[in-house]
Amino acid sequence: NAGVTQTPKFQVLKTGQSMTLQCAQDMNHEYMSWYRQDPGMGLRLIHYSVGAGITDQGEVPNGYNVSRSTTEDFPLRLLSAAPSQTSVYFCASSTQVFNNSPLHFGNGTRLTVT
Amino acid sequence: DQQVKQNSPSLSVQEGRISILNCDYTNSMFDYFLWYKKYPAEGPTFLISISSIKDKNEDGRFTVFLNKSAKHLSLHIVPSQPGDSAVYFCAATVYGSGNTGKLIFGQGTTLQVKP
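Protein chains in written order, with our numbering: chain A, 578 to 691; chain B, 534 to 648.
Just chain A, same shape as in the assembly (with noise of 0.2 Å):
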């Protein structure tokens, strides 16, 4: 039972690269979400969705967009990275956010921009 799998664990960016940070999840949730976390913030929410098809902005999401074309994935992408990027990524999902079920999340991509 795989669960929430990020990939990768660690990535170095240099300035205005782009990438995409790959979430899947094997436990057919509807329910989808992006965070980051930075010392003395907390999580943060970037991006959600509540199904294939449909996404919605969260706390910070300037920088990043999101797609959900089906209901494994939830790719993050960071179109020209910024240092203020660097940060803990955390891929979350559940069957419904809206009724108490609690978010499943992966072991995060530490991402470093230069």
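Note that these hints are calculated values from the structure, not bench results.
Capping the alpha-carbon separation at 30 Å, the derived lysine-lysine pairs in DSSO-like fashion look like this:
{"#": "1", "chain 1": "B", "residue 1": "K538", "chain 2": "A", "residue 2": "K586"}
{"#": "2", "chain 1": "B", "residue 1": "K538", "chain 2": "B", "residue 2": "K570"}
{"#": "3", "chain 1": "B", "residue 1": "K570", "chain 2": "A", "residue 2": "K586"}
{"#": "4", "chain 1": "B", "residue 1": "K589", "chain 2": "B", "residue 2": "K538"}
{"#": "5", "chain 1": "B", "residue 1": "K538", "chain 2": "B", "residue 2": "K647"}
{"#": "6", "chain 1": "B", "residue 1": "K570", "chain 2": "B", "residue 2": "K589"}
Restraint-style ranges between C-beta atoms, simulated for each label pair:
{"#": "7", "chain 1": "A", "residue 1": "V589", "chain 2": "B", "residue 2": "Q536", "range": "31 to 37 Å"}
{"#": "8", "chain 1": "A", "residue 1": "I631", "chain 2": "B", "residue 2": "Q535", "range": "24 to 30 Å"}
{"#": "9", "chain 1": "B", "residue 1": "G549", "chain 2": "A", "residue 2": "T647", "range": "44 to 50 Å"}
{"#": "10", "chain 1": "B", "residue 1": "T559", "chain 2": "A", "residue 2": "P638", "range": "16 to 22 Å"}
{"#": "11", "chain 1": "B", "residue 1": "N600", "chain 2": "A", "residue 2": "S657", "range": "43 to 49 Å"}
{"#": "12", "chain 1": "A", "residue 1": "Q594", "chain 2": "B", "residue 2": "A574", "range": "23 to 29 Å"}
{"#": "13", "chain 1": "B", "residue 1": "S543", "chain 2": "A", "residue 2": "T663", "range": "20 to 26 Å"}
Only part of the chain B face toward chain A is listed, based on derived beta-carbon distances under 7 Å:
{"#": "14", "residue": "E575"}
{"#": "15", "residue": "G576"}
{"#": "16", "residue": "P577"}
{"#": "17", "residue": "F579"}
{"#": "18", "residue": "K635"}
{"#": "19", "residue": "F638"}
{"#": "20", "residue": "G639"}
{"#": "21", "residue": "Q640"}
{"#": "22", "residue": "G641"}
A virtual CB, placed ideally from N, CA and C, is assigned to each residue, including glycine.
With chain A held as given, fit chain B onto it using these hints.
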């Protein structure tokens, strides 16, 4: 604008004693409150939750208390064990239109339980 706040960055307690982690919130529309626990190099894991219509929920050594008038909740761990040493995040659910919703987290409190 931090809607969920954990004002204590860290807490240290002795093994066997009670740990009390606090959380304040500003949005009276929050419907559920949850606590997550996070070990280094791992993702957060769900610990316990409480509905906004209740004031207490208990699960083994973990109890969450909710005071809606004060917009405050707390997590009690009794007795504390060294394996409880982790970062604890308070979170709250807010619903949007069309059956959407999102989970808003606090900054986290690092708990250290000393043997």
